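> These are the residues of each chain, in order.
2 protein chains.
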Amino acid sequence: MNPVKTEKYIKIYKEGLLNDTIPFWIKYSVDNEYGGFMFSVDRDGSILDTDKGMWQTCRFTWMLATLYNEVEKKEEWLDLALHGIDFINKHGFDSDGRMFFHLNREGEPIRKRRYVFTETFASIAYAAIFKSTGEEAYAQKSRELFQIVMNNFNTPDLSSPKFTSTRPMKGFSNPMISIVTAQELRKNLGDPDYTDQIGESIAEIESDFMKPEFKAVLENVGVDGQFQDHFDGRLLCPGHAIEAAWFILNEAKIRDKDPALIRVGTKILDWMWEIGWDKEYGGILYFRDVRGKPVQEYWQDMKFWWPQNEAIIATLLAYQLTGESKYEKWHDMIHDWVYRYFPDPEHGEWYGYLHRDGRISVPLKGNLWKGPFHIPRMQLYAWQILDEMKSANSLS
Amino acid sequence: MNPVKTEKYIKIYKEGLLNDTIPFWIKYSVDNEYGGFMFSVDRDGSILDTDKGMWQTCRFTWMLATLYNEVEKKEEWLDLALHGIDFINKHGFDSDGRMFFHLNREGEPIRKRRYVFTETFASIAYAAIFKSTGEEAYAQKSRELFQIVMNNFNTPDLSSPKFTSTRPMKGFSNPMISIVTAQELRKNLGDPDYTDQIGESIAEIESDFMKPEFKAVLENVGVDGQFQDHFDGRLLCPGHAIEAAWFILNEAKIRDKDPALIRVGTKILDWMWEIGWDKEYGGILYFRDVRGKPVQEYWQDMKFWWPQNEAIIATLLAYQLTGESKYEKWHDMIHDWVYRYFPDPEHGEWYGYLHRDGRISVPLKGNLWKGPFHIPRMQLYAWQILDEMKSANSLS
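Protein chains in written order, with the numbering used here: chain E, 267 to 662; chain P, 267 to 662.
Only true hints are included.
It does not matter which identical chain is used: a pair holds within one copy or between any two.
Cross-link-like lysine-lysine pairs, in silico, BS3-like; alpha carbons within 25 Å at most:
#1 K559 to K293
#2 K656 to K274
#3 K378 to K436
#4 K523 to K453
If you are wondering where the hints come from, they were derived from the structure by calculation, not from laboratory data. No experiment lies behind these values; they were computed from the predicted model shown.
In isolation and in its complexed conformation, chain E is listed as follows (with noise of 0.2 Å):
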């Protein structure tokens, strides 16, 4: 990439990241009455829904922690993290240590979920936070929770009751989730011991999630790995494989450019960006079926923000590994049909929901699913990886 280009990105993810998607959230998602965050806002920052989701508020927490701990001791940004975590710690948890998905803005409980997602954000969250504090009580809840989703993982009777045995699957967001958050955890706790389960969930992919007669990625296997012929069997997420990508890539960087690891992550976007990718309107599809037949969800073609944040780390992760220049075309693809569509000129921070040619279905900035977590991570760690790669350039 040339440094003229490498700074025109730098510029943006950074600029973006610190005067745009943070101080949006800042501004309107803080609640200083009940403590913890609302995230449920309409384009211009006003509330649709004072309710609390548990997701968005540990990655939030975490984001903010991140930022101290990687950008600048900036007070507000701790003050903050501060303030996501004493909620969680106060309303976060159930009886059983298990923790709720949905709460009111009192922060009583609405809806508990079987999935221990919420977990797995809080989990990073706790080990960022102790990173930022020293205090080893944050570490500690850190490993507890990684340890509930690694129970709940590995004995499925935990995690999906509602399914019968008789065809049973499971799903690819299991050893996804597992390798990044045991990735954060080791980086923060700086506990080496998370380098096993990273390993095994990568292992997992490879042998029971990718399949070369496809050359896709399953989201749904059998128990196994077998395929099965049904919906959710031939069921494609590209945006969720595109993000698996990049965490085995950045494995492969950590482990000093690992060619194994690097194998297997280009191998995966390779795959899932040819299936992805659409190439009649730009931007990657939500879903496909592995055989081309039409998938259950008819919302299938939509475009969400999330997979294609995804997909910029990725290629620009790819890039940095490989020097391809294929990857620095698909990067420049991606971010330039992303840029056309979804950030708000008005109002800041970025739509979430488009239709397939880039039109807004609904215009709110947050809900329950979206928050701020895939936009800034987005924009902090390609700031990043470009930010290494002009270090590389100049020093040879």
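With chain E held as given, fit chain P onto it using these hints.
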């Protein structure tokens, strides 16, 4: 409606039912090896998934028996209805009397749900088969299932344990489905006692879900009918409310054109047509927000087959009962839009999932939710209503 137009519509609905919809499903869905039906078929009728959804199994069984009872004593229809009920008897029930939602081809259970909607569809299937055969065991089973449904609806702990008691809500689906289920049981079991249940459910809709201050019927309210200013409390599903409108108008017709019930049914239709009719592209939109804010469901502006079908019945029935020309006009509008976009001229039957402007999203003809129900029910009822209007005209 002038006689030429009446004849035109009768021909379209009757021929669509007898020469397209029903033959399509008889040709492609019957499983002669394991029993029951496989409804998950692609555009051309080829099987996409051999799994069996119990909603559609019960509904097609009901539809076939109803055709036998009300259109013609055709042995093929009765044989297939019995083929359906045999599969339901053999594989549909869990040991607690509740039903499964999703089976594999062999009839083994894959998923059971908290909700008792499968039981409502089974209840009307058993009642229709009792009418066809006179065998008391079917009537008994139908009544038992209705009792299970009512117990579940009246005991919130049974029906929605996934939410806590912090902000208990109730859904419009329950009183709505109670009306049509009780109407079917009254008709086919010949038991007038179900009229009380119908009256109670209509009263609950009037007092708790219809909100004159919004001119809207809410999908979810507090347990005592309170408006809840949250995403779910503001949610409107115009197709759903319009379906309930014709259940109520049908009750008015049965009760000798009861003027109070006509007022309730037409008020719902008027309110929700105003909210749901897409003034830009035509057709009935899926979700709206009662305050005009963004809804959480990002696919909110799609055009599904079923709300359009329900709007055809509702407008026609409102016209039959009131003679108001606006309902004739609305019927023309929805009919024209639907027949421009939904039918598949090449392979028959209808698409189910269109984008807002009528473009196809997924071309499949069936899955766990779409099967031989809303379309043939509309075709049968619209034909019957038009036939009654024709007779009334020729008498006058």
